[in-house]
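The whole structure should be built from the sequences, with the hints applied where relevant.
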Amino acid sequence: MEALLSRYRNLTVLLVVVFAQLLYLAYQVRTNRDERLIRVWAVTAVTPMAGVVEAVRRNTIGFLQDYFILLDVREQNRRLKSDNDHLRMENVYFRNQLATAEHARALTLFQTQIPSKTVPARVIGNSTVITAKAVFVDRGSTSGIEKGMAVVTPEGIVGKVVAVYPLVSQVLLVTDPTFKVGVESQKRHVHGVLNCSSGKCVVEQIQNEEKVDVGEWFFTSGEDRIFPKGFPVGTVVSAQPGQGMKNVALNLSGAPGGAEEVLVVLQGIHQNIPTGPPVLQASVKTLTPPSPDGGSTPTAKPQTEADKVLERYQTLGKQQEHVYGGVGSSIPNFNAKPPGEAATAKPPAVLTETGETQPTAAPTDKPGLAKPANAPPNSGPSILGARPNAQVPVPQPAIPAAKPKVENRPVLPLGAPRRKNPTPRAEPATPSQQQ
Amino acid sequence: MNEVSDEILKPPVRESWFSRFQVVALVALTLLAIISKFYLPRLVPHTEWLELPLLLTIYFSLMRRGQIASLFFGAFVGLAEDSLSPANLPIGMYGITKTLVGYFAASISMRFNVESPVIRLVLSFFFYLFHAFFYWIMRRALLGQVVPFDLQEALVNGGLNAVVAIPLFAILDRMRLGG
Chain A
78 MEALLSRYRN LTVLLVVVFA QLLYLAYQVR TNRDERLIRV WAVTAVTPMA GVVEAVRRNT
138 IGFLQDYFIL LDVREQNRRL KSDNDHLRME NVYFRNQLAT AEHARALTLF QTQIPSKTVP
198 ARVIGNSTVI TAKAVFVDRG STSGIEKGMA VVTPEGIVGK VVAVYPLVSQ VLLVTDPTFK
258 VGVESQKRHV HGVLNCSSGK CVVEQIQNEE KVDVGEWFFT SGEDRIFPKG FPVGTVVSAQ
318 PGQGMKNVAL NLSGAPGGAE EVLVVLQGIH QNIPTGPPVL QASVKTLTPP SPDGGSTPTA
378 KPQTEADKVL ERYQTLGKQQ EHVYGGVGSS IPNFNAKPPG EAATAKPPAV LTETGETQPT
438 AAPTDKPGLA KPANAPPNSG PSILGARPNA QVPVPQPAIP AAKPKVENRP VLPLGAPRRK
498 NPTPRAEPAT PSQQQ
Chain B
810 MNEVSDEILK PPVRESWFSR FQVVALVALT LLAIISKFYL PRLVPHTEWL ELPLLLTIYF
870 SLMRRGQIAS LFFGAFVGLA EDSLSPANLP IGMYGITKTL VGYFAASISM RFNVESPVIR
930 LVLSFFFYLF HAFFYWIMRR ALLGQVVPFD LQEALVNGGL NAVVAIPLFA ILDRMRLGG
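In the order they appear, the protein sequences are chains A and B. Each residue of the first sequence is one higher than the last, beginning at 78 in the working numbering. Each residue of the second sequence is one higher than the last, beginning at 810 in the working numbering.
Source of the hints: derived by calculation from the structure; they are not laboratory data. Since the structure is predicted, the reported quantities are computational estimates derived from the model, not experimental observations. Worth double-checking, as some hints may not be accurate.
[Unchecked claim] To be clear about the criterion: a stretch of chain B counts as covered by chain A if any three or more of its residues have a C-beta under 8 Å from a C-beta of chain A, and this derived list gives those stretches:
hint : stretch
1    : 852-864
2    : 921-929
[What the hints assert, rightly or not] Here are some chain A residues pointing at chain B (derived, C-beta under 7 Å):
hint : residue
3    : ALA97
4    : GLN98
5    : LEU102
6    : ALA127
7    : VAL129
8    : ASN203
9    : VAL239
10   : SER275
Heads up, the beta-carbon is just placed ideally off N, CA and C, and yes, glycines get one too.
Take a look at the structure:
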């Protein structure tokens with residue numbers, strides 16, 4: 078036996094080492110226990126160095142790239158932008174918003190937008206397994222991160238936390254072959270499972286009978302209990318019927334592998350699936366863009382009575398071509414009504430013989446009363462809201478219109494008890510009734 | 810007579826090589842290789858294919874030629890890599906794979922002239938494929954994880970790693986001589 082062992086000493090040692098590792102592996106799989114201590118040691122030993130290297134890289138290579146390599150490019154870009162400003166004002170307005178928006182700012186904006194409680198983190202390293210897609214972020218249990226939390230960016234989902242250490246966490250990306258995410262389509266709320274195991278991302282478990290359009294957005298459904306409902310996932314690039322299930326290929330909206338800054342969802346809150354495509358800048362409060370013709374700018378509405386009077390006088394002055402403060406300018410008629418008021422003014426009511434009030438006909442074409450600027454040139458009766466070229470019906474004078482009843486009651490103070498409706502007065506008998 | 814013949818037959822390269830190759834440098838290189846795998850893809854994009862720990866294991870095994878030392882070295886490197894792998898993968902997957910790589914590389918080194926760049930190229934390519942395929946088999950068989958094996962990608966990555974192995978091994982050779 079000894080001779081046999083000594084003869085095959087190397088092979089024996091190999092078998093022993095492999096067997097020991099197999100046993101250890103089987104123990105981990107059986108107990109479903111993560112060997113935390115070894116990982117903590119390794120991660121604690123490696124990540125500080127990676128953090129230092131990352132900081133050095135940002136401050137040296139990044140600086141050199143910015144300063145030396147991109148010096149001319151930036152200058153050219155600035156010049157081109159300046160030219161663009163003169164040519165297309167409105168376009169530049171929006172483009173500048175996008176160009177100058179830093180990612181961190183967008184992240185912060187997104188963070189304030191979503192109802193879920195999140196913490197920003199920076200990716201500092203990759204995993205050592207080439208087939209497994211995982212990264213390390215610079216936030217750990219001291220920042221409140223726990224295993225199983227979702228990781229997102231404003232553009233889309235990134236992954237989930239699979240291991241938490243004091244200062245760093247490991248995030249398994251959605252592109253990992255073992256990762257699956259519950260998703261829901263935007264239009265018809267078709268549910269499926271996102272799977273990126275084959276290199277490209279597909280939505281599985283969608284029946285052939287379900288309808289999914291190309292370009293349609295998919296959002297997280299919240300059924301996986303990792304991602305809260307309502308986070309954007311991606312758009313459909315192809316949807317074809319397959320054997321039993323539909324083949325739906327998805328283009329992820331976020332870049333899980335290339336994300337530099339992410340948000341870890343500490344406390345997820347489900348949101349509704351939005352009706353439109355997700356737009357991050359939708360809630361940004363900005364000024365309205367200048368009008369393209371460079372004409373009149375929108376002015377604020379008058380707030381006080383004095384503002385209203387001032388606006389009225391200015392309108393009247395402009396209408397009657399009066400220049401305030403100008404020498405030789407005629408005195409305007411301040412009793413005339415401005416065009417807007419003239420069109421919408423309610424005619425005064427007159428008391429009829431029966432004691433009821435009746436509105437009088439609108440006074441039109443009276444001297445001194447200004448016609449609206451956009452009024453049609455013909456003097457026919459105008460109907461509010463009618464098309465300019467529409468046929469105006471000729472009024473029938475034989476049948477009088479129903480007269481609105483206006484009760485002459487005293488105005489009650491707010492909250493005072495209301496009187497009951499008085500009994501209707503006897504209408505005077507018409508000639509037909511008298512006969 | 811026996812002692813004399815043993816002394817003569819003892820390969821001088823092996824002993825002198827390891828005696829001159831600083832243990833500290835070896836440990837430092839190993840750590841550097843593992844950290845590079847951890848950090849290099851962040852620094853230089855599209856370098857996920859580079860398997861420096863594997864190349865180091867192959868080099869050590871080829872030059873050391875001792876099967877036991879090589880398999881222990883492979884196990885050490887593999888377990889260190891495992892400890893930085895995603896937490897959903899148990900520790901030991903890379904350990905077993907690299908143990909086998911170390912053992913077989915050391916076994917093969919006795920039959921070939923491992924100083925030749927062509928042999929190194931071929932062996933690096935072969936062991937990369939062996940490593941990738943065996944890891945995939947283990948993941949599928951032991952963990953039940955259905956992960957696709959992209960043969961085309963493995964071949965390309967193997968070729969790239971083999972190309973990198975030539976200058977890397979030459980540098981390590983110089984370190985050996987300089988040490």
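Verdict on chain A covering the stretch 852-864 of chain B, where coverage means 3 or more residues with a C-beta closer than 8 Å
Three-residue rule met by the stretch 852-864 of chain B, so holds; n is 5.
Fill in: Evaluation of the interface hint that places GLN98/A against chain B, nearest CB under 7 Å
Cβ of GLN98/A sits 4 Å from chain B, so the hint holds.
So, as I understand it, the hint says VAL129/A touches chain B; can you test that by seeing if any CB pair is closer than 7 Å? VAL129/A check fails; min Cβ-Cβ to chain B is 10 Å, beyond 7 Å.
Interface hint compliance - ASN203/A to chain B, C-beta minimum distance less than 7 Å:
holds, 5 Å
Chain B contact restraint on ALA97/A - CB to CB distance below 7 Å: Since the shortest Cβ distance to chain B is 9 Å, the answer is violated.
field: Hint check: 7 Å Cβ-Cβ cutoff, SER275/A to chain B
entry: holds, 6 Å
Do three or more residues of the stretch 921-929 of chain B come closer than 8 Å to chain A, measuring C-beta to C-beta? violated (count 0)
> Minimum Cβ distance from VAL239/A to chain B below 7 Å?
Replying inline: VAL239/A check passes; min Cβ-Cβ to chain B is 4 Å, inside 7 Å.
**Q.** Restraint check, 7 Å cut-off on beta carbons, for LEU102/A near chain B
**A.** With Cβ-Cβ at 4 Å, under 7 Å, it holds.
- Query: Does the CB of ALA127/A sit less than 7 Å away from some CB of chain B?
  - Reply: holds, 5 Å
Hint violations for this structure: numbers 2, 3, 7, all remaining hints satisfied.
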